[in-house]
Every structure is written in C-alpha cells, then in structure tokens.
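Undergrad: This is what each chain is made of:
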Amino acid sequence: MAVSMNNEKRKVVINPVTRVEGHGKVTIQLDENGHVERTRFHIVEFRGFERFVQGRMYWEAPIIVQRLCGICPVSHHLAASKAMDVVEGVDQVSPTAEKMRRLMHYGQTYQSHALHFFHLASPDLLFGFDAPVEKRHVLAVLAEYPDVAKKAVLMRKYGQEVIKATSGKKIHGTGSLPGGVNKNLSIAERDALQAEVDTMIEWGVEGLELCKNVTKADLDNLAKFGTFESNFVSIVAEDGCMDLYDGNLRAIDADGNKIFDQVVPADYLDYIQEEVRPWSYMKFPFIKPLGKEKGWYRVGPLARVNACDYIDTPIAEKERQEFMALGGGRPVHATMAYHWARMIELVHSAEKMKELLADPDLQGTELRRKGERRNRGVAWLEAPRGTLFHHYEVDDKDQITLANLIVSTTNNNEAMNEAVRVIADQYLDGKEITEGLLNHIEVGIRAYDPCLSCATHALGQMRLQVQLTDADGKLIDEKLRG
Amino acid sequence: MAKPKVATGHFTGCFGCHMSLLDIDERIIDLVELVEFDKSPINDIKRFSGPVDIGIVEGGVSNDENVEFLKQFREHCKILIAIGACALNGGVPSMRNTVPLKECLEEAYLNGPTISGGVIPNDPDIPNLLDRVYPVHEVVKIDYALPGCPPSADTLWAALSALLSGEEPALPYELVKYD
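Read top to bottom, the protein sequences are chains D and S. Numbered according to my numbering, the first sequence spans residues 1 to 482. Numbered according to my numbering, the second sequence spans residues 1001 to 1179.
In short, the hints are calculated from the structure, not lab data. Worth double-checking, as some hints may not be accurate.
Residues from chain D that keep clear of chain S, each with C-beta distances beyond 12 Å, as calculated [what the hints assert, rightly or not]:
hint	residue
1	His-35
2	Glu-189
3	Ile-272
4	Ala-358
Below, computed lysine to any residue pairings styled on SDA-like, alpha-carbon distance capped at 20 Å [said to hold, decoys possible]:
hint	chain 1	residue 1	chain 2	residue 2
5	D	Lys-164	S	Leu-1130
6	S	Lys-1071	S	Glu-1026
7	D	Lys-294	D	Glu-275
8	D	Lys-169	S	Leu-1130
9	D	Lys-150	S	Arg-1027
Just so you know, these numbers come straight off a predicted model, no measurement behind them. Note that CB positions come from ideal geometry on N, CA and C, so glycine has one too.
The following block holds chain S by itself, in its conformation from the complex (with noise of 0.2 Å):
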C-alpha cells in the first residue's frame, strides 16, 4: 500500500514551526519511513506532483503570492493542517495591523536613522502587500489548528502520528499548554 503523502509549505512567519517540527531529531529517520514527502521545505520537490494526504502550514497571509500558494495547499491536500500563531491568528507580524501599511512602509525605507536615499520598493517582480495580515483559515478552509509560538515537536509529533493512524489527535494537556 502506498505511504501516505505529507506536504508542508511556509507563508508570512518566521520558519519557528518548521524548525520545532525539525526538533523531532532522531525521529526524522522514522517519518521519512512512515509517509512519502510531496512539496516541501525539507525535501527537493517544488511542486505538487498530485493529490497529497496532509498538508501542514505555518505563517499568516500577507502579501498575494502568499495567497495564491496557500489556495494551491487547500486545492491539493485532503486535511489541512495550521501549525502556530501566526497561521491561526496572524501572529507577531500582524502586529502591523494596528499601523496603517503605509507607515510601516515609510518606517523601514524612508525614516529609518540609517535610510541614505529611501524609496519605497515597487517592482513588478516583487509581490503586492495585503491591507492587512489575515490568518490561514480567511483565506481557505482549515481543518486542523495547533496553536503555540512555535508549537512544540512532541505536539507536533503526536497529531501526525494520530492522523497518519487514522485517528483524531487527542491531546493531553502538557501538549497544549502554551506560555
């Protein structure tokens, strides 16, 4: 029987999930065993090659590219999966939320204490900031969230096991404790 096919991708966040799932050390060697990698960060495909079992996101949504490739997740992954806070409610970099963008832009490329010459980036080649950052599930349909900043690899590690048997993560409490 085919191994189950696990994707992961990562939008507008700081890659701490994907490093927190990297803390599962030793027990990459059985993951790679148990479930065939799709696209990924830690692997070398760059594409969906097809339908994928589960998908798991971490990062909010703040600019169009990540839009399309996150609408790219939902259309191929069977379970969808978002990992953190930045994913689940925008998280530290939505803290731009309560700033208008323009500011933010204006800050970092026009007022900065070592600007020499600022202008604010605008380029065809370079994708277009959202108003706002939106978490994943406004986007597209979510259907798992674990929470934490990042998440921990044992929680991590415990909702694919479940999932990869079938089951419904059910996860004890020192799992889902957040600070």
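So here's chain D without its partners, still in its complex pose (with noise of 0.2 Å):
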C-alpha cells in the first residue's frame, strides 16, 4: 500500500480492536515527517453498573454484577459474594463453601487462560506475526495442527464442566452467595471431574512446552518485542505464596522492590485511585502513594508471577523459577512473557484443580454461614486478566448503596497504552503503514489478554481499519484488514 508522505499531518486510526469488553479503538498522530507525535487506546464501551446496581437488595450483587462479563462471570460472581460476606458480618466462609469456590475459581481460570492461549496468541506464534492473513486464526491451527485445536475446545470444555458442577450453570451461575454456596460436589460430579484432570494437566504442560520452545526459538526478538518496565500488583497469601481466589494487596516496583505489602480489602482506598481521560470510557487506576504519573502499573499473569515468593503446586513451581530467571534477579518485563506466564498459571490451575477434587471437604454439608450485619464490604481476587477489585455499601434496609468496581482490564489501561505507543515507535515510526504493522499492533494488545479476547476472534484476528486523514480530516488513503 503506497502511503503518500506529503509532509502534513496524519491520523492513523484502528477501529474497532475488538478484544476488550465491548470494543476499542487505536489512534495514533504522526507528525509531518511521520514520526509518532501520541497514540491512544480508547475503550469505547460504557453501560453504568456503578450507578444502576444501587437500590437492588445486596444479596443480588453476585447475580447481577456476574452480567459484567460472558468470558470470566465467575470472577465477579465471587469477588461480588465475598464483599457481601463482609456485609453479612462472615469473616471466614466454611470449609466446604471456601473450596467449591476455589474450585469453581480454578476451573474458570484454566478455561480462560486455554482459549486465550491457543485459539488467540497461537496463530501468531506458530505462524509468525507476518504470515499472510489466511494464516492468522484457529481455523489454519486446526488445518495444520488439529490435534492441538481439538484439546483447546476440550480443555475449554473441561473449565465450563467444572463451572457448572459448582456454580449450576456454565456462564451466570448462582452457586455462590453472601456467606458461602448453596450447592457441594456430588460423588457423581466429583468422580465425572476427577476422570479427566489428569489429563488437563498434561495437556496443560504440553502447552506451556509450545509456549516456551516458540518463545526461546526467537528470545532476542520477543524479549524485545512491545516491551517497557513498570510496576506491578498482585494478591498474594500471608506469606507471599500466589493465591489466585484470596490473599492480601501487594505491589512491587521495576526492580522488584516492595511499594507496598499485605494491604488488607478494607484499606484499598489508601492505595488504589482511578484517573480519568476524556478520550476513554475506561479509567486509568495507579498506586496513589506514587501520584497518577509514576503509580501505574500491571496486573495479570505476568504481574502474579513476578510478585509471588513461590507457588505451592511442584510443576507450576519448577516452570516458576525457570521463568524468573529470564529476569536475572529483577521481574522479568516483557509483554510477550505474559503467554508464558499466562501458562504456567494454566499448569498451576490443573493442579489445583486435582488436589480439590481429591478433597473430601467438597462433599461437606456446612454450606453457608452467618454473622453481624455490616454495611460495608470490600474484597478482591486475581481474575484470569488481573486484580478484580468490588467495593459496595449497603444500607439498613439491605440495599446497596455505593459500588466501586474496579475490573481487572481496567488497571492495565495505561500499560496497553504503552504497549501501543512503544510498538507504534518500534515498527510504525516513519515508515509505510503495512498490513504487519497493523498485525504487530495487534499481538501486543494481545498479550495483555484484555476481556472479550476470548471469543472475539477465537479463530481470527482483529478486523483493524487504518485510515489516513490529513491536518483537515480529509481521508488520503484506507487500508482494511480482514
């Protein structure tokens, strides 16, 4: 494609990027030598759960907020009970309600993190950003790999059979509630699950093996590839082992220093801010200690490895260390190594899968628990993109007053930016916008695996349109791709 370079400015515009909640939408401003003056990664999606959940009774939350998302409602399904177990004055749910939740957590992350890694990132990474169009989607893995096509769709499968074994349904289910569940695992149930995870792990590691041996064969360029340094934050337990369902806040810096450690949900408000941009419907969190300008910040897979002391399962754990060593001492920061990460924690929920599921507990009959009615409820978990943050206030006649919820794709806002702009400099910089640049664009919003990635192109890749306008807006030339 000829791109006249008649020293004006131009606009170049990407819409819709369609791998977050609802749709996105790049921007990127050349100068007249066509230079990249800014670039912006604008969520172009608002609905106003904040707003319109208030006066609903707070045993609702769980039902409602859930309608957030199609790809990871379990998230806010149990992000949204635990506050409200705060509400309902239950400081510690019982055994059995802990561990079908837990279970239904790690099922839906094993899930999320198989569609996101193979029906995604996959084309890209067997085939090379750079292959022809035809290439870049699922249904040429499953032309040229179906084997490894066909354990995506049935490892999915397996996570959405575990979500409704315990939560009663595979997308919106009503399992969880304020003070712990109203269903446990069947023998049935149990022994259907139990059959396969063996296999879940293995083909879990046969994953990350894809992952790693594609990534080491082009280490230099994808250690590269989109990346910058930043902060990080993360949930992890008291004594810094990674817990994906519960734990305390912390935060490390570039270097891998502490911001700040074991912050308990009731103080977030201390920490955590949100900035907002009037070219974007989605706000731009940061660590408030720090100020909006040095206080971003990533959360996610990369954020979770990085963050965490160890991780209690032996494979995940071994995978964990060989990963850190990349990093030479310090948080490894590349944006390519998210898939890696994202797959260890794909490991990492396998195995838990399997100790639950050998656990007697989820059989138990104690399933729900009372307390002290309050009217504040604070709580948090490690979503499969990131920290998932639900705040609510309720009032004595049991209806919500207040919601802040701060949603997992949310505190990687700037971070995407970034992403976009170091990419835009590293590939778009003066030169003539091709159909790979718009690709390379592409794959390093990717890896932050922003919500809706998930189905949104799970056999393709993102329908981008660049457009050029000059200083007027006047269109000059138009590319479409896909």
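Reconstruct the complex from the two isolated chains, following the hints.
TA: Right under this line is the structure:
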C-alpha cells in the first residue's frame, strides 16, 4: 500500500480493536515527518453498573454484576460474594464453601487461559506475526495442527464443566452467595471431573512446552517486542505464595522491591486511585502513594508470577523458577512474557483442581454461615486477566447504596497504551503503514488478554481499519484488513 | 452447491451468548464444515463480503456505533436472529434506563470513591451514548428471537441446525425453559 508522505500531519485510526469488553480503538497521531507524536487506546463502551446496581438488595449483587462479562462471570460472581460475606459479618466461610468457590475459580482460570492461548495467541506464535492473513486464525491451526486445536476445545470444555458443577450453569451461575455457597459437589460430579483432571494437567504442560519452545526460538526479538518496565500489583497469600482466590495486596516496582505489601481489602482506598481521561470510557488506576505519573502498574499473569515468592504446586513452581531466571534477579518485563506466565498459571490451576477434587470437604454439608450485619464490604480476587476489586455499601434496608468496581483489564489501561506507543515507535515511526504493522500492534495488545478476547476472535484476528487523514480530516488513503 | 453463510455480531452485552455458542465444543468442527462464516468474532472476516444467509446478534443498543453496525446486519442478512436477554429486551445493561444517563456517568467518572480528578469522557474518538438502552427489534426488524441469559449451547445448536436445513425451529420445552 502506498502512502503519500507529503509532509502533513496524519492520524492513523485502527477501529475496532475487538479484544476488550465491548470494543477498543487505536489512534496514532503522526507529525509532518511521519514520526509518532501520540498514541491512544480508547475503550468505547459504557454500561453504568456502578450506578444502576444502587437500590438493589445486596444479595442480588453476585447474580447481577457477573453480567459484566460472559467470559469470566465467575470472577465477578465470587468477588461480589466475598464482599457480601463481609456485609453479612462472615469473616470466614465454611471449608466446603471456600473449596467449592476455589474449585469454581480454578476451573474458570483454566478455561479462560486455554482459550486465550490456543485460539488467539497460537496462530501468531505458530505462523509468525507476518504470516499471511489467511493463516493467522485458528481455522488454519485446526488445519495444520488439528491435535492442538481439538485439545484446546476440550480443555475449555473441562473448565466449563467444572464451573457448571460448582455454580449450576456454565455461564452466569448461581452457586455462590453471601456467607457461602448453595451446593456442594456430589460424588458423581466429583468422579466425572476426577477422571479427566490428569489429562488436563498433561495437556496444560504440553501447551506450556509449546509456548516455551516458540518463545526460545526467537528470544531476543520477543524479549524486546513492545517491551517496557513497570510496577506490578497482585494478591498474594500471607506467606507470599501465589493465591488466585484470596489474600492481601502487594505492589512491587520495576526492580522487584516492595512498594507496599499485605494490604487488606478494607484499606484499599489508601492505595489505589483512578484517573479519568476524556478520550476513553475506561479509567486509569494508579498507586496513590506514587501519584498519577509514576503510579501506574500492570496486573495479570505476568504480575502474579513476578510478585509472588513461590507457587504451591510442584510443576508450576518448577516452571516459575525457570521463568524468573529470565529476569536475572529482577522482575520479567517483556510484554510477550505474559503468554508464558499465563501458561504457568494454566498448569497451576489444573494441579489445584486435582488437589481439591480429592478433598472430602467438597462433599461437606455446612454450606453457609451468618454473622453480624455490617454496612460496607470490600473484596478482591485474581481474575484471569488481573486483580479485580469490588466495594459495596449497604444501608439498613439491605439495599446497595454504593458500588465501586475496578475491573481487571482496567488496571492494565496505561500499560496497554504504553504497549501501543512502544510498538508504534518500533514499527511505524517514519515508515510506510503495512498490513504487517497492524498485526504487530494487535499482537502487543493481545498479550494482555483484555476481556472479550476469548470469543471476539476465537478463530481469527482483530479486524483493523487504517485511515490516513490529512490535517483537515480529509481521507487520503485507507486500508482494511480482514 | 455453495455452503450457507453465517455472520455473528455483538453489541451492548457481555459476550456470554457467543461464549455459549462456543459451548457447542467439538460440534464446532462440524459447524465449520457445514457453513461458511462471514463477518464474525469467531473468524478473521471483519466486513460483510456480501449478502449472508443467517445473521446472529447478541447485545442491546446503547450507543450510536451499535445502531450503525446493527443496521449493517439487517442490510446484509437474509434471516436475522437476536439471541439473549440483552438483544431481546435490553437485559442487564438496560437497568440504566430507570436512571438518568447523566447520573450513571457522574457516578462512574466523578463521584466514585477512587476517582482522582474526574471528568465525563467526551471525545470525537468515542461513540455517543443513547438516552436509553434499546432492544434490537426497536432498531431493525428481527426474524427470530432466542431468549436466555445466555441461551444454552444446545438451544443455539438446535435452532441453528433447523434453520440451516430450511426448517422452522421447533424447540422442546427443556431447551426453552429459563431461570
């Protein structure tokens, strides 16, 4: 595609970037010499949950707010339940309830990570970022690696079956509620899931090996691709162990030093704030003590693997140590390292499911506890895409009066903007805009697995439209991909 | 004979209906043999390549971009199916309809406890919100509607299979019983 470089300012628009909740859009402002002046990653959807859930009965929250997302409703279902545990005065749910919720959570992490890696990342990683458009989707993976694609479908299916057994439905279940859960795991359900769990661990390890091999084959380039340094935030257990379901908050800086540690949910307002920018419906969280400029951070698999001290399942722990060696004593910062970290978590989730399925507490009968009612509940957990914060206030009539939700992908807003900027500098600056460039930006955003990525292009790639407009907004040229 | 073409789309919803479609699991390998996918989130075609036999849409209509894309679906699809509560009656996002839009925006961007220096987003690069969330049939004519939040994979599969065989879907009670 020929681009006329006639010394005018141009704006490159990529719309839509369909890997976020709703849709996303990238705009790149170029100066007269084709150098990147400014890049923005806009989120273009707004629904208003924080307002319209006010007035609802507090026990409805786990059911309503999970409709935030059809890929990870379990994350919201559980985070809202945990916040409402606090409102009901239940500071510790029963062992059966905790383990049912944990099993639900590891099941959803497993299916979400499997779908992201195999259906989204694998086409780029197997065929190359510059492969022809016709090859960069999972139909081509199905054709050339049918075994891999079929396993991916069955891995996702397994995770969904775990969710159904623990929450009652594959999508938008009802199993978790304030104070506990409303069902345990029957012997029949347990036996059915136990029969497949070793295979799920095995296939998880195969997927991780595939990811590592592909990464190591091009390590120098992939280590630099869209890479920048940042702070990281993650929940960890009291002893610093990785814990995707519960724990306290830790933040580390780019060198791995702790910014804060073991912060409890009730205190979150002292540590996390959100900035608003007029050009996006998604907010920009930052670490309050560091301020807006320096306080932005990353969450999700890369943050969790970097921030924890160890993982308490054997295969994942061994893999974590190999992974951390890449950082030479510092956190691993490479954008593409997200995929590797994600696959470590995939294996960890499967190992955890195996442990839980063998636990007779899942057949226990104490499902729910009650305590002294309070008017405020804050809770969090590590959703597949990152730290998820739920904060509610409830009045004496049991109605919700306030809801503040900081949703996983939101935490990565600044980081995704930075990835776009770095990649635009690396590949677009002063150059002709090509189809391959478009895919490079896509690959960088995709590494963060923003919500909606799972099905938005389960078999494909982001549709991208690039328009060149002159300073008056007149269309000079246009390229459509897909 | 050419395979029937199927397109799918998503507006203001949670994507759960598409996820439910993916819950057909291994049947997707068969589906890929039976139909040719046109514009859809589950392949790499981003624009309608021409007329399409069946279009499936989820999500309600909450902004001007939704309206534009939904109209494109009606234009290109011989049969248009709306799936899920959001498409059929606005669903959970339409809970904002009882509250002035201004209050929803203020709560999210000005009043929230973690907001530092709030401003209501407003930029030519982001779509404009409509006064309410609308079901799709208030914007375009719909040929079939499948309720559920989401409709199950078996329901979606049964309806799609019937239509692809040129039959009217006749879904048994178990497939249309919703909670």
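Undergrad: If a hint holds in the structure, say so; if it doesn't, say that too.
TA: Outcome of the hint check:
| no. | hint | in the structure |
| --- | --- | --- |
| 1 | His-35 | holds (21 Å) |
| 2 | Glu-189 | holds (18 Å) |
| 3 | Ile-272 | violated (6 Å) |
| 4 | Ala-358 | holds (26 Å) |
| 5 | D:Lys-164 / S:Leu-1130 | violated (36 Å) |
| 6 | S:Lys-1071 / S:Glu-1026 | violated (32 Å) |
| 7 | D:Lys-294 / D:Glu-275 | holds (13 Å) |
| 8 | D:Lys-169 / S:Leu-1130 | violated (32 Å) |
| 9 | D:Lys-150 / S:Arg-1027 | holds (11 Å) |
In the structure shown, a violation is registered for the earlier hints numbered 3, 5, 6 and 8, in ascending order.
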